[in-house]
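Enquirer: The primary structure of each chain is shown beneath.
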Amino acid sequence: MSRIHGRQGLAGWLFMSPAIIGLGVFMVAPIALALWVSFRDWSGLTPLGASEPAGAANYADLLTDSSVVRGDFAKSLRNNLYYVLGVVPAQTFLAFLLALVVNARLLKGRTFFRTAFYFPSVTSSIAVAFIFIFLFSPTGVVNTVLSAVLPGKVDLVWLDDSDGLLHLLLRAVGVDAAPGALRGEFMDLSWWDWLSGPSVALSSVMILATWTTTGTFMLMFLAGLQNVPEELEEAASIDGASPRQRFFRITLPLLKPTLFLVLTLGIIGTWQVFDQVYAMTSGGPQKTTLTPAYLIYREGFQNSAMGRAAAIAFVVLVIILVFTGVQRLVLRKER
Amino acid sequence: MIRPSRLLTILLSTVLLTAACGDDGGGGTEGNATGAKLTMFAFSSSPAEDAVLRKAVDDYNKQGRNTVDLKVLPEYDTALTTALSGGEPPDVFYVNDNKLPDFGKNGVLEPIGDKVDNPGDFYDTLKQSFTYKGTYYCAPKDFSTLQLVYNTADFTAAGLTPPTTWDELTAAAKALTKPGHPGLVLGPEFYRWGVFMAQAGAWPTNDDVTKMTMDTAEMRTALQYVTDNHKAGWFGTPAAVGAGWGGEAFGKALTSMTIEGNWIVGAMKNDFPNTKYAVAELPAGPKGKGTMSYSVCYGVAKAAKNKAAALDFVKFLTSPDEQYTVTKEFPVMPSRKSLADKWLADKPELKAFVAGGDYAKKSVFVPGFSTAIDTFNDGIQGLAKGNKQVGDVITSTQKAGTDILG
Amino acid sequence: MVFRRALRYGLLIAFAVVFIYPFLLSLGTSFKSRPEVATSSVSPWPRSFDLRAWTDVLVHSDFPLWTFNSIVVTVAATLGRVFIDSLAGYALARLNFRGRGVLFAGIISVLAVPPIVLTVPRFLVLKELSLLNSYTGLILPLAVDAMGIFLMRQFFVELPRELEEAARIDGASIFQAYWHVVLPLARPALLTLTILSFQGVWNEFLMPLIVVRASPSHWTLPFGLSTLGRGGAGGQSFDYPVMMAGSILTIIPVAIVFVIFQRYFVRSVASSGVKG
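Residue numbers (the UniProt record's numbering), protein chains in the order written: chain A, 1 to 335; chain B, 1 to 406; chain C, 1 to 276.
Any given hint could be a false lead.
Stated by the list, open to error - Calculated Cβ distances over 10 angstroms to all of chain C for the following chain A residues:
hint, residue
1, L45
2, D155
3, V316
Unchecked claim - In silico contact screen, one side only, chain B against chain C (beta carbon under 7 angstroms); selected entries:
hint, residue
4, A48
5, K71
6, P74
7, A79
8, T82
9, A83
10, G86
11, G244
12, E248
Calculated from the structure, these hints are not laboratory results.
Note that CB positions come from ideal geometry on N, CA and C, so glycine has one too.
With the sequences and hints as input, model every part of the structure.
Expert: Here it is as structure tokens:
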């Protein structure tokens, strides 16, 4: 036995060394370097060594000092918040629904449907964004279909419409401007603007995101459904449980771990939306599709404020951790 | 399975190599003026401009002194900034005048403005655009102005002549408006709306860019005028008619007038050769004529390996002969005064663009001012769309600018 | 009962249309002339059958170069991942050595760092290593991936020990046992990892955007694609047929791999579910 276990210490580290070097150089070192940069005033244009220490100024610009930057950061948070609140439930619900239908016994063409639903998930985000730019163009499919279904002609300029959905709803009932109570500001953005809802442009990106990710999550639910023992269902049905009871008493509780996973991955994914924004709207119109991820890119590579971009990255990291943490707590309590 | 370890070897050797020969640069205009390989970054608005630029580079390469590798990049400013941040800048590159203060402040550019041949020949206003804190960094390539581009057939059909006042512009736009076809299409952004500010005697800052001056009656007048015309449906944005920019909307006959610069000539020739159009000076506002100009210079990177060769190339590009050849083909205006008459003699139909040079305003402010312009652009988009008020836009831009100017 | 079944198939077919139609439409649109696109944007069937967009993409753009770069980067990064991840996964699952627990915890926490947070940091490190605008700079960061290590570890943990222990008793070294006995058994897991990596690297957009933005000769497909079909002064005019042709071409390789190895894709998603 000693011969089998003898050299394992050396071998273990040897086997691990490519991974350790790789993760060290491209994951750990970058994070450490960026943390340092986030406390410096560095444009990116001059050598890093020549930058000045900035204390917590980069963080203060984002969180406490009134400025355009903080206003933009607030907008990006607002947009992404609506994005998460829209996309995560939509993709989870649709994925669950499709998984249930695809999982039904004696279904013909199961593989075909599963493939069709999952395929968008494996394609290039830029290619899909291009296809959706076309679908949402003023003379595109979306407007054509809506015009056919709804009374009147729909000629929305989806990707260039900055009106928030909640604002539009309020306008429909006659509220056109901020009521007195919402005139105040939080982080350089008025309460009225915080409560705008996602803009029409952002909604287009949200529809795209739901369309692309639903398939993956459907597969996860399918895997979860395979774990529901058939005997259990049969036993319940012999005991006289209706399909509805079987679903709520047996299937759903057993799927809780999968649901947990889908929600976690959904939240992590939606807080990072970048490619689609880059290709479809570049953060516009009127910054209603600006997301923290896009803001990191804009500040670092367009506005030459690398220090600030690094600071945003760390704030985003904290937000994601908090969000997944809260969601973990909520679901764990129910378990 | 060999690949990854080989990659690691490559990684290590690259690191060692760069460590070994990383520091052979230094200050000053050193290196030989010949035998160098240079990289140039540029942007282009159309295949027509692309072709002219490539020909210029080919002509230089044929002279056999140095070889230039031209890279025409989309989303140019970001690509350039990324390259500069990465510490591997191109040797020669276009610099937009509105980026110069930032580059000047960060010491990105080698000051070569006065090292080209006969530097006194360039327009003084252009030289000012490329001067930051007393240092004249780079020689201007050429310049363009915004003017009113109109469809001659539509004007004849409606019995119109080019408008000379705001009232006439409104009347013309109204007469040319049809459903889905506003009379005038202009992009909702600072330059296109800026012409009306200039005509109203308004400007976001004072002349020496030390104070924000958004909150004036003149600014209100300018913004309100354009906003009201959008509200009435006589002015429109390119996006609203399903186009990407004014020239596309104009070429596709989605409007009869647009506000664009010299580059529209190349785009029309290329994409819409059958549209008949003419260029007129923009109408005068309450404070007379006004427009905006754009300019680009040939920057040489402070970190360039071979500055002497880079300067040799810039001298070639800015030489009167070469500049004339380029601007003749792609009709932006020469930056050398001595070429003005000769250039205009070839293209009398573009006189309006030249005339604009006398009174044009520029979007050149101070380092970091782009966030204020961003905020203004948001506001302008809101005014064009009808979901913002003039007063709110003035307040938010004033505040954004004050953050920067103090 | 009949009604329910009809409802079920109705729903499935409706969703299948929603998921498939956009691809068919973009394929059809790529063969349309620009005037036809302006007037007919719903029918996937091109009336004009114009090859202009395809020649624009294949002949007049750098699309072939981007494809070549994408292949180089994808193959190299995938090989790197398979090599690094299987070694590390094996060590974490099977070898007893000091510090294993710490390393595993470290990998799990790296796994939790969202890639977007690494945008600026990775740019900085690659800059310091002078790896910007190079293949190496594109490949190396993509060849390192904590998720793959985790997946391989999970696989090796569940693999029966008998065979390799027999090999070790017969005198094979740890590496020999790993190479000759364990790896062949791990083929399904390696294939899953390969496919996951192929798809991920092929579609990767953020890394090329940051690393090779300034060097067009190193652009990979997704970034090259993002510059296609954009004309006009501000780059905001869309040439839809060109955009669609480029999109279809970018999707095709993944689609082929997807159809052939479908069950591995499904498995990769299912196995990432272990994580919860």
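Enquirer: Please name the hints from earlier in the document that this structure breaks, with their numbers sorted from lowest to highest.
Expert: Violated: hints 3, 4.
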